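**Q** In case you want the letters, here they are:
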Amino acid sequence: MLKLENVSKHWGNFTISNVSFTCKREEYFVIMGPTGAGKTLLLQLIAGIDHPDEGRIFIDDVDVTDLPSEKREIGYVPQNYALFPHFNVYENIAYGLKAKKLGYSEIDKKVKDLTQQLNIDHLLNRYPATLSGGEQQRVAIARALIIKPKLLLLDEPLGALDLKTREELRDYLRLVNRKFKVPVVHVTHDLTEALALADRLAIMFNGRILQIDTPEKVLSHPSNPVIPKLTGVYNIFRGKATPKNGLSLVKIDNLTLWVVGKYSGEVIVTVRPESILVSNSPIFSSGRNTLEGILENIENKGLVYAVIVNILGKKFTAYITKASLEELKLKPKSRVFLTFKASEVHVIER
Amino acid sequence: MKVGKLSGKHPLKITFSILGAIIILFLTIPILTLYLLTKPEGFIGVFYDDEAVKAIILSILAATTSTIICLIFGVPLAFILARYNFKAKSLINSIIDLPLVIPHSVAGIAILSAYHSRSPLGWIFSNFGLIIEDSFWGIVAAMVFVSITILINSAKDGFSLVNREYEYVARSLGAGLTRIFFTIYIPLSFKPILSGVIMCWARAMSEVGAILIVAYFPKTAPVLIVERFLNYGLTAARPIAAVLLLVSVTIFMVLRFIGRGKR
Chain A
1 MLKLENVSKH WGNFTISNVS FTCKREEYFV IMGPTGAGKT LLLQLIAGID
51 HPDEGRIFID DVDVTDLPSE KREIGYVPQN YALFPHFNVY ENIAYGLKAK
101 KLGYSEIDKK VKDLTQQLNI DHLLNRYPAT LSGGEQQRVA IARALIIKPK
151 LLLLDEPLGA LDLKTREELR DYLRLVNRKF KVPVVHVTHD LTEALALADR
201 LAIMFNGRIL QIDTPEKVLS HPSNPVIPKL TGVYNIFRGK ATPKNGLSLV
251 KIDNLTLWVV GKYSGEVIVT VRPESILVSN SPIFSSGRNT LEGILENIEN
301 KGLVYAVIVN ILGKKFTAYI TKASLEELKL KPKSRVFLTF KASEVHVIER
Chain B
1 MKVGKLSGKH PLKITFSILG AIIILFLTIP ILTLYLLTKP EGFIGVFYDD
51 EAVKAIILSI LAATTSTIIC LIFGVPLAFI LARYNFKAKS LINSIIDLPL
101 VIPHSVAGIA ILSAYHSRSP LGWIFSNFGL IIEDSFWGIV AAMVFVSITI
151 LINSAKDGFS LVNREYEYVA RSLGAGLTRI FFTIYIPLSF KPILSGVIMC
201 WARAMSEVGA ILIVAYFPKT APVLIVERFL NYGLTAARPI AAVLLLVSVT
251 IFMVLRFIGR GKR
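Top line first, the protein sequences correspond to chains A and B.
At position 226 of the first sequence (counting the first as 1) the number is 226 in our numbering, and the numbers step up by one without a gap.
At position 48 of the second sequence (counting the first as 1) the number is 48 in our numbering, and the numbers step up by one without a gap.
To be clear, the hints were calculated from the coordinates, so they are not data collected in a lab.
No false leads were slipped in.
Partner residues aside, some chain B positions facing chain A, computed with beta carbon under 8 Å:
no.: 1; residue: GLU165
no.: 2; residue: TYR166
no.: 3; residue: TYR168
no.: 4; residue: ARG171
no.: 5; residue: GLY174
no.: 6; residue: ALA175
no.: 7; residue: ARG179
no.: 8; residue: ILE184
no.: 9; residue: PRO187
no.: 10; residue: LEU188
Far from chain B, some chain A residues (derived; all Cβ distances over 10 Å):
no.: 11; residue: HIS122
no.: 12; residue: ILE227
no.: 13; residue: GLY293
Bear in mind that the values here come from a model prediction, so they are computed numbers and not experimental data.
We treat Cβ as the ideally placed atom computed from N, Cα and C, and that holds for glycine.
Please work from the sequences and hints to get the whole structure.
**A** Here is the structure:
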């Protein structure tokens with residue numbers, strides 16, 4: 001368990017101010033923010049590479065603020081992994097055990113055990129330069145896990161990978177978190193990554209944490225107007241998917257949505273506000289999803305108007321033009337229909 | 001810079017190539033002449049010339065001792081300069097570069113003035129048997145003075161090119177600074193340090209100006225060459241020069257070969 005209390009750090013013209021949060025036992029905690037939000041610096045403060053100007057850091061209820069990095073027992077995986085280029089995979093993974101001065105046979109047993117569990121035992125004699133990005137990442141995680149860390153810190157772990165490998169390794173990271181029961185603090189600028197992995201999501205901007213909650217809560221009930229601008233997400237729901245008729249049906253409490261693709265189990269779905277059609281009566285179209293609801297509010301967003309509609313307790317936001325708003329004669333409390341294609345629903349598997 | 005092919009007839013390429021060729025000739029002609037003008041009997045004769053053999057062996061021993069001292073004192077300083085910020089850093093960097101701009105005879109005078117056995121510091125050293133005038137340690141002192149800059153600077157460049165993330169990760173894995181220095185920084189800077197060692201050794205080997213003043217005796221090979229030239233002329237000095245050159249180049253090549261392939 002990790003706890004930060006009002007951690008602040010001034011670094012050149014850059015500041016981390018008053019960051020407080022708790023990453024619970026076995027929790028997958030994602031910090032999302034744009035480049036320059038201070039995510040890497042925050043991880044380095046937690047890892048003990050840098051010392052905060054103010055505030056305290058606790059790991060398993062012990063104040064580690066003044067402990068050097070080498071005494072904190074934290075697994076740190078920096079961006080681009082920093083595998084030691086002059087050591088092969090075996091020596092990279094064994095490094096932490098050698099630092100603990102374990103015996104040769106014990107090191108050998110632990111390295112082989114762990115690499116078998118992580119399915120990278122075939123890489124042991126290879127050098128980092130010969131590994132693919134995905135393999136490097138697995139090795140870097142193994143190297144961090146070997147010391148049985150109390151916490152795993154991942155800095156943009158999927159950033160340098162191609163799309164296919166990224167999806168593969170997303171599942172892998174979740175598996176590592178569950179199987180080794182290690183709490184993870186993962187920083188990223190990528191929304192899909194955050195939604196796929198986070199038990200809880202923190203949004204970081206300009207050195208501050210703006211909001212911490214479950215990912216769908218953060219995105220559907222942003223506490224700060226900056227958050228939707230950062231994420232671009234308005235309609236986000238968690239549901240259960242079942243494949244049906246070549247598509248899939250996602251059940252969100254009393255609401256069901258058609259989505260393209262075969263999904264089953266827990267998913268997070270999002271729909272862009274500009275993809276939703278608003279009408280006074282149900283319309284017959286190629287859009288598989290037509291939902292009836294009550295108009296709650298209309299907000300001027302500059303170029304467009306945001307129409308907020310309550311459908312069975314779920315709030316949807318749709319963008320329409322001023323002309324449409326006038327033609328439809330929309331007023332709060334009026335009955336409206338929202339229509340969008342199944343292919344406009346973005347699905348993230350959990 | 002991206003490297004392209006040297007072909008085509010652009011006037012700039014042609015002019016630059018000619019200028020380069022001239023300077024390469026300027027450098028190689030004397031070296032070749034040295035061998036062309038040295039008769040085989042003269043060359044072999046050097047190995048029967050006791051004074052010359054002793055001088056060459058002394059040069060190799062002193063240069064090697066000096067390089068080891070430079071390693072012991074220079075590499076740690078290079079690490080501190082590459083890895084940390086502190087107040088006097090730029091002053092220290094300037095002091096390190098100073099021997100490069102001091103004429104070597106001036107360096108010799110300065111070393112002798114400061115450390116001769118009747119000077120305060122020299123007196124302390126002399127109690128431990130360390131006397132620099134006309135001694136092996138005088139030669140070594142002069143060599144360290146004129147060559148350590150090269151080793152410190154190349155080790156410093158090597159250390160500062162090591163990605164700091166390696167250190168961060170190693171620390172998070174429980175390694176202390178000492179372990180990190182020997183398992184991360186030294187192996188990853190091996191090549192620049194080795195090339196510093198080679199250049200430092202070569203520089204020590206070739207030193208004559210400071211040694212002439214601090215310790216004319218025992219005679220190193222370069223000092224003996226100067227002496228033979230002044231007393232007997234060019235022809236007498238040439239064979240030892242040719243042999244010394246051969247020895248230096250051979251050792252240089254061997255060290256380069258050891259460093260090949262290692263990063």
